[in-house]
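Enquirer: Heads up: take any position in the sequence shown, counting from 1, add 208, and you land on the numbering used here.
For the record, the hints were derived by calculation from the structure and aren't laboratory data. It cannot be assumed that every hint is accurate.
Stated by the list, open to error - Below are the DMTMM-like pairs computed for lysine to aspartate or glutamate, each with C-alpha atoms no more than 25 Å apart in a straight line:
| no. | residue 1 | residue 2 |
| --- | --- | --- |
| 1 | K254 | D278 |
| 2 | K258 | D320 |
| 3 | K247 | D269 |
| 4 | K254 | E304 |
| 5 | K258 | E306 |
| 6 | K258 | E304 |
| 7 | K247 | D278 |
| 8 | K258 | E272 |
| 9 | K247 | E272 |
| 10 | K247 | D271 |
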Amino acid sequence: MNDTSASPYLPYVVEYENRPGYFFVHVTSGNQDLRTSRKIVREAAKEREKSGHHKVLVLLDLDERMPFADIFWLASELPELGLMDRTLAVVDTNPEHEPYERFAEAAANFFDIRRQGFTSIEEAEQWLASI
Numbered sequence: 209m210n211d212t213s214a215s216p217y218l219p220y221v222v223e224y225e226n227r228p229g230y231f232f233v234h235v236t237s238g239n240q241d242l243r244t245s246r247k248i249v250r251e252a253a254k255e256r257e258k259s260g261h262h263k264v265l266v267l268l269d270l271d272e273r274m275p276f277a278d279i280f281w282l283a284s285e286l287p288e289l290g291l292m293d294r295t296l297a298v299v300d301t302n303p304e305h306e307p308y309e310r311f312a313e314a315a316a317n318f319f320d321i322r323r324q325g326f327t328s329i330e331e332a333e334q335w336l337a338s339i
């Protein structure tokens with residue numbers, strides 16, 4: 209009997225880069241779900257730990273965002289996934305995601321994660337440099 213089950217994770221690509229003053233994470237994916245997002249955050253937290261940076265800039269290139277309930281759930285798990293006491297600047301390249309981005313920001317802040325959403329990398333870099 210052949211196992212033809214697909215991976216439980218949606219396809220994605222993540223790139224990491226140490227930049228002056230912060231750790232850069234670039235996520236590219238067609239869709240987003242909670243299981244895949246947890247995996248991405250866990251992997252990024254491990255890479256960030258190696259870098260020694262406490263500030264993180266995340267660039268999201270996503271076709272679709274996950275539902276609001278899943279965004280809240282993921283935000284509640286950020287501390288245990290390795291992002292407690294970290295500063296996150298997030299840039300979503302899709303302007304249609306703005307309501308999701310604002311909700312994600314509020315949810316993360318509710319769980320004491322310092323997170324701010326931006327529309328450009330330049331704005332996010334300026335904010336990270338100011339704190």
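Enquirer: Taking the earlier hints as the rules, which of them does this structure contradict?
Expert: 4, 5, 6 and 8
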